[in-house]
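Undergrad: Can you build the whole structure from these sequences, using the hints too?
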Amino acid sequence: MKKNKLAPKGSGAAKKLNIKKLNIKTKPPALKKGIRIEYAPSLESSDHIQLQKTYGHFIDGKFVEPRSGQYLATHNPATEEKLADVALGNSQDVHDAVMAARRASDKTWSRMPGSERAKYIFRIARLMQERARELAIIETLDGGKPLRESRTVDIPIAAAHFFYYAGWADKLEYAFPNRKAQPVGVAGQIVPWNFPLLMAAWKIAPALAAGNTVVLKPAETTPLTALKLAEIIQMADLPPGVVNIVTGAGATGQALVEHPEVNKIAFTGSTLVGKKIQKMLAGQGKKLTLELGGKSANIIFEDAALDQAVEGIVDSIFFNQGHVCCAGSRLLVQESVAKIVIRKLQARMDTLIVGNPMDKNTDIGAINSKMQLNKIEEYLQAGQDEGATLYQSQCAVPNKGYWVRPSFFTDVAQSHRITQEEIFGPVLTIQTFRTPEEAIEKANNTPYGLAGGVWTDKGAKIFKVTSQIKAGVIWANTYNRFDPTSPFGGYKESGMGREGGLHGLAPYLKF
Amino acid sequence: MWTKVCVDEVGVENRVARLGARSLKKDTKVKALRLAMSLMDLTTLDAKDTPGKVRQLCQKAKRPCESMLDVPPVAAVCVYPNMIRIAKKELLGTSIQVAAVATAFPSGMSSQRVKIAETKWAVSEGADEVDMVISRGHFLAGEYNFVADEIAAVKEACGQAHLKVILETGELGSLDQVRWASDLAISAGADFIKTSTGKVQPAATLPVTLVMLEAIRDHFERTGKKIGMKPAGGIQTAKLALQYLVMVQETLGPDWLSPDLFRFGASVLANDLLRQLMKERSGRYQSFDYFSKD
Amino acid sequence: MQTQARLKIQKTYKIFVDGKFPRTESGRYFSFQSRSGEMTANVSLCSRKDLRDAVTAARGAQPKWAGATATNRGQILYRMAEMLETRRAAFREELVWQGQTPEQAESEVSASVDRLVHYAGWADKYQQIFSSVNPVASKHFNFSVLEPVGVVGLLAPEKYPLLGLISLMAPVLVGGNTCVVLGSESNPLSAISFTEVLGTSDVPAGVINVLTGKRSELLPHFATHMEINALVLADGTPEEWLKIEQEAAHTVRRSAHYQFADWSVPQAQSPYFILDCQELKTTWHPIGL
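Protein chains in written order, with our numbering: chain A, 34 to 544; chain B, 129 to 422; chain C, 0 to 288.
Quick caveat, the hints were computed from the structure, so don't treat them as lab data.
No residue lacks a Cβ here, since even glycine has one placed at the ideal position from N, Cα and C.
Careful, some of the hints might be misleading.
BS3-like, lysine-lysine: derived pairs with alpha carbons at most 30 Å apart [stated by the list, open to error]: (1) 63(C) to 367(B); (2) 216(B) to 176(B); (3) 158(C) to 152(A).
With the C-beta cut set under 8 Å, the calculated list includes, among others, these residues of chain A facing chain B [what the hints assert, rightly or not]: (4) 68; (5) 69; (6) 70; (7) 71; (8) 72; (9) 181; (10) 338; (11) 340; (12) 341; (13) 344; (14) 345; (15) 384; (16) 394; (17) 490; (18) 510; (19) 511.
TA: Shown next as structure tokens:
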């Protein structure tokens with residue numbers, strides 16, 4: 034048998050391999066046909082959850098009827114069925130809540146030693162862990178996100194936020210050198226519909242730890258898990274008025290922002306509304322934090338671990354139906370690997386299942402509302418009108434409910450609407466770049482500055498590129514990872530202030 | 129032009145976790161359990177194997193369960209080469225293949241001359257399939273040409289028998305290395321790439337399997353040629369076996385869910401597959417007492 | 000008609016090593032008698048071999064404990080607080096046997112639970128206040144992080160038999176170290192009953208090991224054991240501290256001496272006690288294309 038003399042022994046990794054010619058005389062037998070496994074729906078039972086037909090506001094430790102006597106319905110976007118009626122808060126309800134928070138702040142909460150406050154917050158965390166399954170199911174029914182996500186991401190991280198911040202309540206003296214921290218007083222907090230309970234946790238936990246009392250206004254389409262949290266808060270025996278929840282629509286939020294007894298406003302939502310709030314608060318002396326929209330760039334270099342980078346794309350834009358402010362909605366892929374990345378992405382998109390969020394196999398759930406569906410479809414059309422090319426997976430979607438299949442656009446210009454404006458759906462734009470400078474320039478060429486992604490195997494490049502992207506959260510070789518210890522927030526029009534970590538305490542303190 | 133593909137371990141684990149969330153219910157599950165059975169290489173590779181042990185294994189291969197005679201037969205039995213004749217005799221007239229390990233299994237620490245001789249002997253004894261081991265020491269020392277040449281030489285010695293190349297992923301140190309070894313083995317002539325000898329911990333794992341499947345997929349996209357994959361060792365429960373099948377389907381597609389392109393190297397797994405099949409049929413959780421252990 | 004008094008089952012006070020409750024390998028015991036005389040117990044008089052086994056267990060458990068997420072360690076400490084709180088009556092009674100008034104006992108149990116909760120809350124935060132990103136004058140990303148020293152020996156104070164032990168072990172555990180604790184010699188009961196709390200708090204085996212015995216006998220063995228990476232003495236005499244410092248030189252071991260007349264004061268609880276058993280690692284990496 035001839036030994037191969039061409040290549041030296043122990044040659045380096047990247048050299049061409051010299052493979053002997055194989056001497057196969059016979060043709061291999063024809064391959065037997067494979068068989069396909071179908072996934073049958075694996076539906077979580079919702080028998081054991083307890084949902085009332087009607088919910089009032091949660092004010093001063095009790096559920097109360099709305100002053101106006103008016104309610105609004107909340108629906109399941111996957112089935113279009115009504116789930117419950119929740120109170121429609123007016124300025125009088127908001128006033129009741131704010132005054133309850135004020136009394137609780139002055140008389141009880143701000144006087145309580147931090148170590149005792151901590152124990153209440155730990156209790157809430159533990160109770161959330163115990164009732165995790167019920168909370169996850171309700172979150173899925175109310176908002177449309179897959180149960181798998183509510184169960185593994187939303188609810189556990191929400192409980193973890195309470196755990197983390199509970200521990201800060203009696204340690205504030207260590208958080209800010211040479212500063213004696215005091216609570217600001219009453220915090221008015223407005224949260225969005227994309228991660229309803231998680232966003233409520235991001236707001237309430239640090240506020241309480243810092244010694245403040247809270248009035249929370251959940252999003253119009255997703256009030257239920259906040260109201261369940263209110264039940265947990267009752268079980269934890271939290272002193273009345275420390276946390277108050279007023280449900281309603283845009284006007285309810287406005288009343289909260291304008292109320293003179295509110296010392297601080299925290300808002301997560303669209304840049305448009307955020308700007309209105311900032312204007313409303315001008316000159317009023319209230320503290321403000323804003324978590325707004327984004328159009329974040331996800332950059333894949335040729336030396337990235339490509340299969341994992343493709344999975345990262347799925348995490349960045351298809352996870353949670355793309356209803357993520359920090360979504361990597363603009364893919365910037367180095368031209369030399371663009372074809373292969375796009376091909377792998379298409380193959381992966383074809384395995385994504387869009388469907389009933391209560392089915393444990395579902396990857397992409399329902400779009401949160403008819404209004405949001407219309408917006409996304411408008412962009413899908415606009416992109417094509419602008420000259421971009423649309424690819425959508427061909428998976429089946431249910432008859433009722435609001436659905437968008439995972440999609441991407443190629444032949445995309447930096448100036449297209451689909452590249453500039455936040456779509457807030459499972460729609461990705463794909464552009465190529467040649468050099469790192471070009472990628473960074475394109476990534477920063479936006480009024481937004483919330484997040485970014487960088488995929489490369491080279492360490493120095495990670496530090497170099499991430500240091501030059503103007504965004505508040507940058508993921509290197511990963512995407513959409515959240516942790517209560519990790520600060521989150523945006524540059525530029527994506528907002529101001531940070532939530533999470535030590536830095537997340539600052540907005541709730543005065544020094 | 130060959131370059132090493134880099135693999136991110138945390139990213140792989142993330143993908144594996146997502147795949148693990150797939151749920152199969154009712155008749156999908158039954159179909160998958162039966163499929164898993166048909167993909168098995170029922171294995172006995174103990175130094176203390178005797179003709180009696182091998183015959184027993186073959187009997188189980190032919191007739192896994194007397195209460196469910198419609199369960200499909202396994203794909204192959206896998207034995208040491210000095211047991212091939214016994215297995216062949218026992219399995220005469222069935223569709224079950226005889227695979228044999230060779231090349232100084234499990235260590236591979238011998239000369240190429242000896243390994244080739246052993247391979248040829250195994251084939252002449254009647255082996256339909258040969259499972260070889262790569263020289264891990266040479267691989268870790270960076271002598272990639274040596275490793276590739278050895279595989280090519282064994283492939284030639286196999287003649288018509290098909291060749292599985294065992295990478296021994298538990299010894300390679302990182303997923304980058306697993307990917308590199310996979311690419312190397314495929315280009316050197318492997319018909320199948322296989323994770324482990326089963327003698328070293330960890331044996332087959334889901335992350336390692338995903339990386340190997342991705343190597344196979346990229347090779348298919350480049351050349352149109354389909355290479356098979358075999359995770360071996362440590363797959364003891366039906367639940368885990370089904371997770372592997374889901375991974376294969378979502379990474380490579382249903383074409384690979386066939387005995388020509390996918391095998392489980394297992395021994396204890398058979399009875400758990402049977403137990404789960406029986407549970408689906410009867411509605412009761414089963415006891416191991418009711419399934420023959422041979 | 001007089002009913003006969005029911006005979007109580009007496010507890011055997013074993014030690015806690017590698018997640019199990021063995022007896023001392025020496026077979027030796029010393030007698031404990033409560034001040035009022037109504038309670039007596041035989042308490043393990045541990046030997047250097049018990050210490051040896053405990054250190055082996057602690058060393059074996061340390062990598063995995065350090066590898067657990069910070070929040071996980073915090074939750075385990077919180078679980079200890081849950082378990083201790085629900086068993087306060089038993090601990091109170093035991094503290095009274097060990098010479099405290101009922102009020103002191105009540106106070107010590109509450110302080111112990113609260114201290115566990117306090118340190119549970121540090122688990123995922125101390126890194127944030129003690130680490131740094133350093134602005135070096137070259138194109139490098141430079142960061143300093145804390146890492147646990149490894150296996151820590153703890154010599155608990157004589158008084159405050161419950162609170163003292165907890166004050167020593169909580170910061171050490173929360174920082175990712177494992178430990179071997181020698182409980183109070185004159186008041187050994189609380190240490191051992193606390194191991195029952197440990198046994199029900201999801202603490203992995205070997206993370207904390209508790210011995211009882213004579214400090215004068217065991218201190219030299221703690222001080223000379225080369226697998227112990229840090230040694231903490233609570234209260235104790237100048238001679239004891241001298242011995243520890245002298246022997247520490249043999250392996251350049253870290254040592255700490257904490258003295259509190261009253262372990263319930265706020266100064267007896269601090270993230271700096273976590274820092275005492277941490278190493279600092281600084282890493283450099285170029286920034287460039």
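Undergrad: Would you mind marking each hint as holding or not holding in the structure?
TA: Here is how each hint holds up against the structure:
1. At roughly 27 Å between alpha-carbon atoms, residue 63(C) and residue 367(B) fall within 30 Å of each other, so this suggested pair holds.
2. For the proposed pair residue 216(B) and residue 176(B), the alpha carbon gap of about 19 Å is at most 30 Å, so the pair holds.
3. Taking the CA atoms of residue 158(C) and residue 152(A), the gap is near 27 Å; set against the 30 Å cutoff, the hint holds.
4. Annotation: residue 68(A) was flagged as interfacial toward chain B, and the flag holds, the nearest CB pair being 5 Å apart, inside 8 Å.
5. A distance limit of 8 Å between C-beta atoms decides the matter here; for residue 69(A) the minimum to chain B is near 4 Å, and the interface restraint holds.
6. For residue 70(A), the interface hint holds, the least distance from its beta-carbon to any beta-carbon of chain B being 5 Å, beneath 8 Å.
7. Checking residue 71(A) against chain B: minimum C-beta separation of about 5 Å stays under 8 Å; hint holds.
8. Hint status for residue 72(A) relative to chain B: holds, with the closest Cβ pair at about 6 Å, below 8 Å.
9. Interface hint at residue 181(A): satisfied, since its Cβ lies 5 Å from the closest Cβ of chain B, which is below the 8 Å cut-off.
10. Contact between residue 338(A) and chain B, as hinted, is supported at the beta carbon level, the nearest pair being about 4 Å apart and thus within 8 Å.
11. With 8 Å as the threshold, the beta carbon of residue 340(A) comes within range of chain B, its nearest partner Cβ sitting at about 5 Å, so the hint holds.
12. At about 3 Å, the closest approach between the beta carbon of residue 341(A) and any beta carbon in chain B falls short of 8 Å, and the interface hint on this residue holds.
13. For residue 344(A), the interface hint holds, the least distance from its beta-carbon to any beta-carbon of chain B being 5 Å, beneath 8 Å.
14. A hinted interface residue such as residue 345(A) counts as satisfied when its beta carbon comes closer than 8 Å to some beta carbon of chain B; here the least separation is about 7 Å, so the hint holds.
15. Given the 8 Å rule on beta carbons, the hint for residue 384(A) holds: about 5 Å separates it from the nearest Cβ of chain B.
16. Satisfaction of the interface hint for residue 394(A) is found here, the shortest Cβ-Cβ separation to chain B being roughly 6 Å, below the 8 Å cut-off.
17. With 8 Å as the threshold, the beta carbon of residue 490(A) comes within range of chain B, its nearest partner Cβ sitting at about 4 Å, so the hint holds.
18. Interface restraint check for residue 510(A): the shortest CB-CB distance to chain B comes to about 6 Å, inside 8 Å, so the restraint holds.
19. Here the hint on residue 511(A) is kept, as its CB sits about 7 Å from the closest CB of chain B, short of 8 Å.
Consistency with the previously given hints is maintained throughout, with no hint failing.
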